[in-house]
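Q: With the hints as a guide, bring the two chains together.
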Amino acid sequence: MKEAFEFAKITLRQSVRVKSFYGALIMTLVAIVGLFILHSFAMFEIPRILMNYVLSYTNLIILLLVFLTFFSLIQYDIDKKTMQYIVALPMRRRDYILGRYFGLMAFSFIVSYGIVILFYPFLIILIKQRPDAPFSSIRYFLYPLFLLLEVSLISSFALLFTTLSTKSIISILSTLGVYFIGHSLDDVREFILTGYGSDVPLFSKILIKTAWYLFPNLSVFDVKITMTYNLRFTLTEAFIIVGYGILYTVAILLITLSVFDKKEIL
Amino acid sequence: MHIELLSLTKYYKTKELGFKKFRALNNISLSVEKGESFGLIGLNGAGKSTLIKLILGVIFPDEGEIKVMGKMPGDIHIKRRISYLPENPVFYESLNGEEILCFIGKLRGLSGKVIKDSVYNILERVDLYEHRKKLLRKYSRGMLQRLGLAQAFIGNPELVILDEPLSGLDPLGRKMARDLIIEANREGSTIFFTSHILEDIEKICTRVGILHKGELLRVAEKEELRRAPLEDIFLETIGEK
Numbered sequence: 001m002k003e004a005f006e007f008a009k010i011t012l013r014q015s016v017r018v019k020s021f022y023g024a025l026i027m028t029l030v031a032i033v034g035l036f037i038l039h040s041f042a043m044f045e046i047p048r049i050l051m052n053y054v055l056s057y058t059n060l061i062i063l064l065l066v067f068l069t070f071f072s073l074i075q076y077d078i079d080k081k082t083m084q085y086i087v088a089l090p091m092r093r094r095d096y097i098l099g100r101y102f103g104l105m106a107f108s109f110i111v112s113y114g115i116v117i118l119f120y121p122f123l124i125i126l127i128k129q130r131p132d133a134p135f136s137s138i139r140y141f142l143y144p145l146f147l148l149l150e151v152s153l154i155s156s157f158a159l160l161f162t163t164l165s166t167k168s169i170i171s172i173l174s175t176l177g178v179y180f181i182g183h184s185l186d187d188v189r190e191f192i193l194t195g196y197g198s199d200v201p202l203f204s205k206i207l208i209k210t211a212w213y214l215f216p217n218l219s220v221f222d223v224k225i226t227m228t229y230n231l232r233f234t235l236t237e238a239f240i241i242v243g244y245g246i247l248y249t250v251a252i253l254l255i256t257l258s259v260f261d262k263k264e265i266l
Numbered sequence: 267m268h269i270e271l272l273s274l275t276k277y278y279k280t281k282e283l284g285f286k287k288f289r290a291l292n293n294i295s296l297s298v299e300k301g302e303s304f305g306l307i308g309l310n311g312a313g314k315s316t317l318i319k320l321i322l323g324v325i326f327p328d329e330g331e332i333k334v335m336g337k338m339p340g341d342i343h344i345k346r347r348i349s350y351l352p353e354n355p356v357f358y359e360s361l362n363g364e365e366i367l368c369f370i371g372k373l374r375g376l377s378g379k380v381i382k383d384s385v386y387n388i389l390e391r392v393d394l395y396e397h398r399k400k401l402l403r404k405y406s407r408g409m410l411q412r413l414g415l416a417q418a419f420i421g422n423p424e425l426v427i428l429d430e431p432l433s434g435l436d437p438l439g440r441k442m443a444r445d446l447i448i449e450a451n452r453e454g455s456t457i458f459f460t461s462h463i464l465e466d467i468e469k470i471c472t473r474v475g476i477l478h479k480g481e482l483l484r485v486a487e488k489e490e491l492r493r494a495p496l497e498d499i500f501l502e503t504i505g506e507k
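Line order of the protein sequences matches chains A and B. Note that the working numbering gives residue 61 to position 61 of the first sequence, counting from 1, and the numbers run on in steps of one. Note that the working numbering gives residue 356 to position 90 of the second sequence, counting from 1, and the numbers run on in steps of one.
I should point out that these hints are in silico values taken from the structure, not numbers from a laboratory. Careful: at least some of the hints might be erroneous.
[What the hints assert, rightly or not] The calculated lysine to any residue pairs, modelled on SDA-like cross-linking and capped at a C-alpha distance of 20 angstroms, are:
no. : chain 1 : residue 1 : chain 2 : residue 2
1   : A       : Lys80     : B       : Lys382
2   : A       : Lys262    : B       : Leu435
3   : B       : Lys400    : A       : Val16
4   : A       : Lys81     : B       : Gly330
5   : B       : Lys382    : A       : Lys19
6   : B       : Lys372    : A       : Thr82
7   : A       : Lys263    : B       : Gly330
8   : B       : Lys372    : A       : Lys80
9   : B       : Lys372    : A       : Leu12
10  : A       : Lys19     : B       : Tyr405
[Claimed, not checked] DEER-style ranges, computed between Cβ atoms:
no. : chain 1 : residue 1 : chain 2 : residue 2 : range
11  : A       : Ala251    : B       : Lys337    : 27 to 33 angstroms
12  : B       : Lys337    : A       : Ile169    : 47 to 53 angstroms
13  : B       : Lys479    : A       : Tyr244    : 54 to 60 angstroms
14  : B       : Ser433    : A       : Tyr22     : 34 to 40 angstroms
15  : A       : Leu64     : B       : Asn293    : 49 to 55 angstroms
16  : B       : Gly375    : A       : Val30     : 43 to 49 angstroms
17  : A       : Ile169    : B       : Ile448    : 41 to 47 angstroms
18  : B       : Gly375    : A       : Leu29     : 53 to 59 angstroms
For every residue, glycine included, the Cβ atom is placed at its ideal position computed from N, Cα and C.
This is chain B alone, in the form it adopts within the complex (with noise of 0.2 angstroms):
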């Protein structure tokens, strides 16, 4: 088991003084399995992105247990094995795409000639090679996107946490990342995606949980994902239908 969340509880404080209290997660249940490819849709504000945090020990649970590849979300040993790609990507701008790709290889445990290899190698697939020496603030937002793919995939992580992976890109970008989250999944990475776009996560998970207000509504299995539209199960499990 890779992800194993049980009875997972998140309260954030309002901006009331932090008096009260606001259940971002509620008794949330789940287990991704090693090698799988799974996918988490839901509304804005449904908690996907509380989900991931937890899930990387950015945020703690108030009630609830998380496990990451069998151990507590933050252990360093596990952290090495994991790789993160934020919603938004904001990389410090004064450095350049090949400066922050080898300073993640390196702390994914990549050293020498391999880091240089694997760092030029994702460039490429990529398609920012030529830009590898231009700092980040002279970056678009589709580049940086993609440069947030590239750092998620080095070091071949075995556990990737994708946050709206595909936003900001164009259609030809999109097709590349799609390609190399399916690559990288049939290689063996287990993947746990979150999209608004339905219809890239019918092309890339083989599960879907379904987050709504807080609560996982539904888990989809491939039967059926198989059987009806991704927005169909989506719409009906959410009540909108």
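So that you can see chain A by itself, here it is in the shape it has in the complex (with noise of 0.2 angstroms):
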């Protein structure tokens, strides 16, 4: 385990020092200027829009940095063939995969937790000028938990097809595709199951409920509305999605590293 510690210490280090991360940094400040302007324009519900433009904000940078720098590692690591060297090293090969997924979950954490902190004083600042909605800052520091769930989620898969690919390119679009078919999947099943789907053939159908059950849900990890309109969320809710997340992190993990143990590395 000592391996994979010192492995994901190289790893964090590696992703601050990717070129997005520095992009994502300025962006931030130019997104706190945006705040102000939001502010003199909003009519009411301040404090709903204002922590909306956040969390918001938070999501997008965190998913685009976490795919920006997990792709430039991984490019690296296959295409220039580093991994060959670093599974020559005194390490074991599941060090690779747990170092490189603790590495990037402690950068996504840092990430994540920087911008909402740095937010929560000038939203506090604004939020007193114009109190006309409820503001929960317990909420307000909830939603990166379940971002960083996504994340999380995101990073095994990203591993697994990192592993079982010899070209970067296609593990790189095999993440996205996951992305985008966990946040779709759920709208789609609903939709066959009501009446606007009837038409649907019944191959489709069966085959968008098995997909269903063997892609990950990520909606659900989309609690934003939940936080910014203060909507009812219970605990029981709150641990059935993290235990979600992190049961279906744990199993994709374990499918990586028994495909990595046996792998040729080319």
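A: So this is what it looks like as structure tokens:
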């Protein structure tokens, strides 16, 4: 485990040195200015509008950064054949997978909580000026946790595809595919189950239902509206989402470890 | 015995949907003793890098058996005692030289002050101390090769596997690298070394294997190497003379 920890530190160092990270820092400063502009334009429900703005921004930046960083790292590992050298180093193959996973998760944690903490004082100042709707700091700081669960699941899939493919582009496209399917599958399934989907051929229905069980349902982690509008969100619901995210991630990581253990690094 | 290969055969799938197989290594049997400096020579595509990858456990044999220090390749306890320099070292270019060496030093079991001392010492040996904080993306090809040598010798590994370690180095760099390898060998490290440059092999190795089209045609012993130039032995063995 010590080796995985050391490799996670390397991954974290690499992540904060990827150029897109500095781009994200500049974008965040611009987004803070945007918060003030939005405040001056908004007519009512200021806390909700501003919170929604910050959480949407956090969501966008995290997913963008994780995709860009991860893809830049695995592109290096696969295409430049660094993985051959890494596998020959004094660490187990599983340390590579776990190191990459935990390093990336640490990076995502720092960036997501960095953004919400950075925005928080400005948010409070602006909300206090026009407090025309409730604002919950707990819900505000809880949101990144669900975002991290989604990132965790996507990262584990990205690692799985990295171990399965010999070209980084295949791994990148497969991960993007899982992301888009994971976000739209729930809506598609609901559509075919309602009266609107009666014209859908039986084969397509079976295909969609199978896919619904196979692919992760990423829309469950999208709790932005619930948090922003203070909608009912019980502890049980939270535990179910957290449990789903963790179990799915662990399952994918276990498959990845088993595949990578037997893989020839050509 | 540090490396023991028994009837080792390795096939690669060709690109035509993987139906055809290409035999990269055929029935290789070889042993390298502890403390020995063994050189492996062969033309491009002879199978030298494939053999190294098998010894390191990066790829697996189709037939035969490999023992490294008496165990299967890939065993973590064995890996801690082995170092490897790939033919074209590609390290993470967003890290600097010191970070790379500290990372590898920690993997080899070094810690605390020892790791810093070892890293600075080896950086000075390969003339990279002044560049230790520079990101690797700013390193030249020769500097990367010297860093590759540095990582191969940090933590005094018992078995050092070097794939073309002197390529990309200027004459001074080559001398430094040769001295480093010879000194490590004198201090007890086993060296397994591949090169195209016969002169380097002659200067460093005490026993030389000649690999040709995936077959180990000959292992020239110390006495043979003293009697005739390696080039003559090599050309004669592969049938070019």
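Q: Would you mind marking each hint as holding or not holding in the structure?
A: Cross-check of the supplied hints:
no. : hint                                       : result
1   : A/Lys80 with B/Lys382                      : violated, 29 angstroms
2   : A/Lys262 with B/Leu435                     : violated, 36 angstroms
3   : B/Lys400 with A/Val16                      : holds, 16 angstroms
4   : A/Lys81 with B/Gly330                      : violated, 26 angstroms
5   : B/Lys382 with A/Lys19                      : violated, 29 angstroms
6   : B/Lys372 with A/Thr82                      : holds, 19 angstroms
7   : A/Lys263 with B/Gly330                     : holds, 18 angstroms
8   : B/Lys372 with A/Lys80                      : violated, 24 angstroms
9   : B/Lys372 with A/Leu12                      : holds, 17 angstroms
10  : A/Lys19 with B/Tyr405                      : holds, 18 angstroms
11  : A/Ala251 with B/Lys337: 27 to 33 angstroms : holds, 32 angstroms
12  : B/Lys337 with A/Ile169: 47 to 53 angstroms : violated, 37 angstroms
13  : B/Lys479 with A/Tyr244: 54 to 60 angstroms : holds, 55 angstroms
14  : B/Ser433 with A/Tyr22: 34 to 40 angstroms  : holds, 35 angstroms
15  : A/Leu64 with B/Asn293: 49 to 55 angstroms  : holds, 53 angstroms
16  : B/Gly375 with A/Val30: 43 to 49 angstroms  : holds, 47 angstroms
17  : A/Ile169 with B/Ile448: 41 to 47 angstroms : holds, 44 angstroms
18  : B/Gly375 with A/Leu29: 53 to 59 angstroms  : violated, 44 angstroms
Hints 1, 2, 4, 5, 8, 12 and 18, counting from the list given before, are not met by this structure.
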